[in-house]
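Using my numbering, the first residue of the sequence shown is number 74, and each one after it goes up by one.
Quick caveat, the hints were computed from the structure, so don't treat them as lab data. Just so we're clear, the structure is a prediction, and the values are computed from it rather than from any experiment. Each hint should be verified, as a subset may be incorrect.
Said to hold, decoys possible - In silico DSS-like pairs for lysine-lysine, Cα to Cα no more than 30 Å straight-line:
#	residue 1	residue 2
1	LYS253	LYS536
2	LYS186	LYS319
3	LYS353	LYS242
4	LYS451	LYS510
5	LYS351	LYS242
6	LYS536	LYS353
7	LYS253	LYS187
8	LYS451	LYS478
9	LYS220	LYS186
10	LYS536	LYS519
11	LYS289	LYS220
12	LYS235	LYS353
13	LYS353	LYS253
14	LYS187	LYS220
15	LYS319	LYS294
16	LYS351	LYS237
17	LYS351	LYS536
18	LYS451	LYS428
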Amino acid sequence: MWEEKIPAKRITSPVVCLLLSLILFYGPGLSRPWLEARAQDSQTGSEFSLENGLKIYLLPYSRSPLSTLVLAVRAGVVEETPRTNGFSHLLEHCLLFRQSHLTEGDRVFRTIKKYGLYYNAHTEQDLMFFELSLPGEHLATGLELLKEVVFTFQLTEEALEKEKIILLKELAETARQPEKVGLARIYELAFPQSGYGLPVYGQEAVIRQARLADLKDWHHKNFRPDRAALVVVGQFDPSRLQAEIKSLFSELQPGPEPVRRLTAAASFPESSPVVEIKMKVSDTYLLAGLVAPDYNHPDRLPMDMLSEIVGQGLNPLIYQAFAGQPDLVTSARFHYLSHEQAGLIFISITTGAEKVPTTRRLLQNFFPQLAELNYSQKDYLPGQQWLVFDFLQGGQNRFEWLAEKMTEDPLLLGLSLGKHLLIGDPSRPQNYLEAIKALDSSDLRKVARKYLARARAVWVVIKPE
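Take these sequences, add in the hints, and give me the full structure.
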């Protein structure tokens, strides 16, 4: 039986917020807009839950002949401890590629070849995502495959050891990427007492020593319908699809009791540590991190806008920190990453090794300035407004454009909806774009004062060997 069906509604504003954060952090490379003209579908969907706790969102989507399936599970790195850091990433790989019922007769690869589907998974701080895209007429096949991949555990010792080799090679490749290495250390310094401080890709020693029994217990604990959300984006008959999902997923059993997530320590560090790392790189990277609002915090919207103004767009404000010294930095980026129980401001500067002290000093001096700036032309007298650049209006325009642009990607829609179903606060509905348009300079100055001017940053410097 269905629990309670919520009437069809427009995509919630936090989903737009997550889409924006995805494109703002990862850059235009994530955007895959369709070349054909924008379809005029209404983009309304329905949300409901099964009795076993599985949350489901069905989004009719007529811009593509493909159907996209996303299944999100509360099995991110925040669930781990130093002793288990790497279990989630290793299990993600094994579920996707090494289960006996999937590898027998090369079933997965034959299915991919037959239907031409996109088949992938990834682990984040809060959640793990499994993703499928395939022709709409084979949607039922995709649902069945996704269920078998995520909620079944059929792994042998031999298969586990083979996948460890693959994953350890992936870790070795990650260890050669300076910004990924630096970001992991920033998280470690900013959140030393929680799972957010652990690297998403895991620790080599933990992965090497992981036993089959460990992964089986980890799967049994976390991969349950009451800890998961399914999103379907595509062209389908809603009533028929609801019946298919009910028939297929209702047999899954929830856990005997809720799994209590470890509370993250989202307080400002008492000191401002600086960690220096030497790598085989040609440039020097100065990286900074500051604790920021979590996913459901009221400060998230103004921080989204401040991040856009300072680090994105055609005229990123962060370069004003180095005004008058054009040869000091090669690049400067400012990002805001929000999670269920924590948030992080991540700043990445490329410079020269001998320029790090000056660059860091100027950046530290810049933080308090953000709490005093006038971001809008409305902050000036009418006769002066035409002389100044309106950062706030520019940011609002870009957010509106990005919101429309990112809804063109069904996979990002699915990922966003899955994340919001599991970590969003349903008691705080809000029209995101209207709230963004209502922001003023005072709102931005308040979050700048709270999270930048008065906060202590953690620092990582990556230098050439």
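Now the hints, each set against the structure:
1. LYS253 - LYS536: holds (14 Å)
2. LYS186 - LYS319: Distance of about 28 Å is within 30 Å: holds.
3. LYS353 - LYS242: holds (18 Å)
4. LYS451 - LYS510: Answer holds: LYS451 to LYS510 is near 14 Å, not above 30 Å.
5. LYS351 - LYS242: Given that 30 Å is the threshold and the Cα spacing comes to 21 Å, the pair holds.
6. LYS536 - LYS353: holds (8 Å)
7. LYS253 - LYS187: At roughly 36 Å apart (the allowed maximum being 30 Å), LYS187 and LYS253 break the hint.
8. LYS451 - LYS478: holds (28 Å)
9. LYS220 - LYS186: holds (19 Å)
10. LYS536 - LYS519: violated (35 Å)
11. LYS289 - LYS220: holds (17 Å)
12. LYS235 - LYS353: holds (29 Å)
13. LYS353 - LYS253: holds (14 Å)
14. LYS187 - LYS220: holds (19 Å)
15. LYS319 - LYS294: holds (23 Å)
16. LYS351 - LYS237: holds (27 Å)
17. LYS351 - LYS536: Given that 30 Å is the threshold and the Cα spacing comes to 5 Å, the pair holds.
18. LYS451 - LYS428: violated (37 Å)
Violated hints, in rising order: 7, 10, 18; the structure is consistent with all others.
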